[in-house]
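Visitor: Please model the entire structure based on the sequences and the hints provided.
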Amino acid sequence: MSKRRRLTGTCIGTVAISLVVASGVFGAEAADRAPADPPVPAPATPENRPTASGAYLHYGPDGVERMAELSKWLGGAELKVGHTYLPGDLWSNIEGRPEFLRPWAEWRRGADDRMFVLNVPMLERNEDRVPDDEVRDLLQEGAAGSYDKHYRTLANRLVDLGAKDTVIVLGWEMNGTTYTHRCGPDPDAWKAYWKRIVKTMRSVPGQKFRFDFAPNRGVDAIPWTECYPGDDVVDIIGMDSYDQPPGETFDEQVSAPYGLQAQVDFAAAHNKAISYPEWGLFRNGDNPEYMSRMLDWIARHKPLYQTITDYCPHGVWQCDENPQSSEVFRSKLYGTPGQATPAPAPTPAGPPETKPDKPAPAEAPREPNSGNWCAPVKLGNWINRWVPDFRFCVKPPPTDRLLF
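Residue numbers (numbering that gives the first Met the number 0): 0 to 403.
Think of the hints as simulated: they come from the structure by calculation, not from any bench.
You may find that some hints are simply not true.
Using 27 Å as the maximum straight-line C-alpha spacing, the simulated BS3-like pairs for lysine-lysine come out as follows [stated by the list, open to error]:
1) K207 with K163
2) K190 with K148
3) K163 with K198
4) K194 with K163
5) K194 with K148
6) K194 with K271
7) K71 with K301
8) K148 with K71
9) K163 with K271
10) K190 with K271
11) K271 with K198
12) K198 with K148
13) K163 with K301
14) K301 with K271
15) K163 with K148
16) K190 with K207
17) K163 with K190
18) K207 with K301
19) K207 with K148
20) K207 with K194
Guide: Below, the structure is given as structure tokens:
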């Protein structure tokens, strides 16, 4: 998607648990019988699995803190998904710095039914518009194992921090043209590289990761089915779907080639859950019909999780540009227990509730800033090719965000 984003970052929630109550055996002879086996939980099929809901609110600790504020605006609706993105500028950041991951891991450990969703780039310089021929070389190097160590480090850090069951949205929007980790320049190498990353991360003791394959809706630069790496290394079929072409109307977004219906059908054919890691408003502005129908689509198809992108121009709570869509979102999710099922419009006493303690307007995510983060001084592709791990860094100024 051509979204306004400096360095991807995101948002929030978790997974709901089904409870099964087995009937006991009663009667005169019950005491003499061997204890019955414990009941087996019902499988998490779309028919009985609630959708875990959240929103991308901020890439760093503010994203965790704002969940409570959004929940209040939604009448106490539970936000069960925490969603953020690893910076894709340097390998040292793709490895997941502990100070960056820790607040999210602490939030995840706060309740058993929470879900931490982490978008993970497959290559550094991920938003530097690297040319196709260089991307092809990098994908082939990845497929040969050149970058295994970075993903082993990330997996170990997640397990050590107590986020062993993180949902990894690996190489998202791979069918597009934006990211260095795109598939188009060499689909075979891309798929081989994905497999290598997944197998490397799964080799770490204690992990329970799930891997989400999340293309853009539509064909984009390449049909996303040509990038699918295989059922053995994919757990979830996701889709990033904003209100923009391809598809002028929601019906077209559903029925267009490689659209929403194609995602649902493909996932069913491969016996996979679906998800919507990124969705929201965009080219068509404040569009309450889109908002209503997307939420109805989510309620009907029951993805494992959904996280709306809540900054302008895509969002609702943190974006005053979309008041009509904001009210639709709020009325449908008002008071719901962590799932995207329609609910009656709220009828609070007195004037409608306003957004509580609304933070400053959110921006497209940027790289977090601390004394341990640095910005590369680009020396040109020629030196980076010969000395790929060599970097000059400058300590960023003590502000909330990087200034370049």
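Visitor: Take the C-alpha atoms of K190 and K148, compute the straight-line distance between them, and say whether it is at most 27 Å.
Guide: 18 Å, holds
Visitor: Against the 27 Å threshold, does the CA-CA distance of K194 and K148 hold or violate the hint?
Guide: Distance of about 15 Å is within 27 Å: holds.
Visitor: Given the hint that K207 pairs with K163, test it: the Cα-Cα distance must not exceed 27 Å.
Guide: Given that 27 Å is the threshold and the Cα spacing comes to 5 Å, the pair holds.
Visitor: Next pair to validate is K194 with K163; report whether the Cα-Cα distance is within 27 Å.
Guide: 19 Å, holds
Visitor: Can you confirm whether the C-alpha distance between K71 and K301 stays at or below 27 Å?
Guide: Holds, at roughly 24 Å.
Visitor: Sort out whether K207 lies within 27 Å of K190, counting only the CA atoms.
Guide: 21 Å, holds
Visitor: Please work out if K190 and K271 have their alpha carbons no farther apart than 27 Å.
Guide: The hint holds at about 18 Å.
Visitor: Please work out if K148 and K71 have their alpha carbons no farther apart than 27 Å.
Guide: This hinted pair is violated, its Cα atoms lying about 42 Å apart.
Visitor: Against the 27 Å threshold, does the CA-CA distance of K163 and K271 hold or violate the hint?
Guide: Within the cut-off at roughly 21 Å; holds.
Visitor: Has the given pair, K163 with K190, been kept, meaning a C-alpha gap of at most 27 Å?
Guide: 24 Å, holds
Visitor: Can the restraint linking K194 and K271 be considered satisfied, given a maximum Cα separation of 27 Å?
Guide: With Cα atoms ~17 Å apart, K194 and K271 stay inside 27 Å; holds.
Visitor: Is the hinted pair K198 and K148 satisfied, with a Cα-Cα distance of at most 27 Å?
Guide: The hint holds at about 12 Å.
Hint violations for this structure: number 8 only, all remaining hints satisfied.
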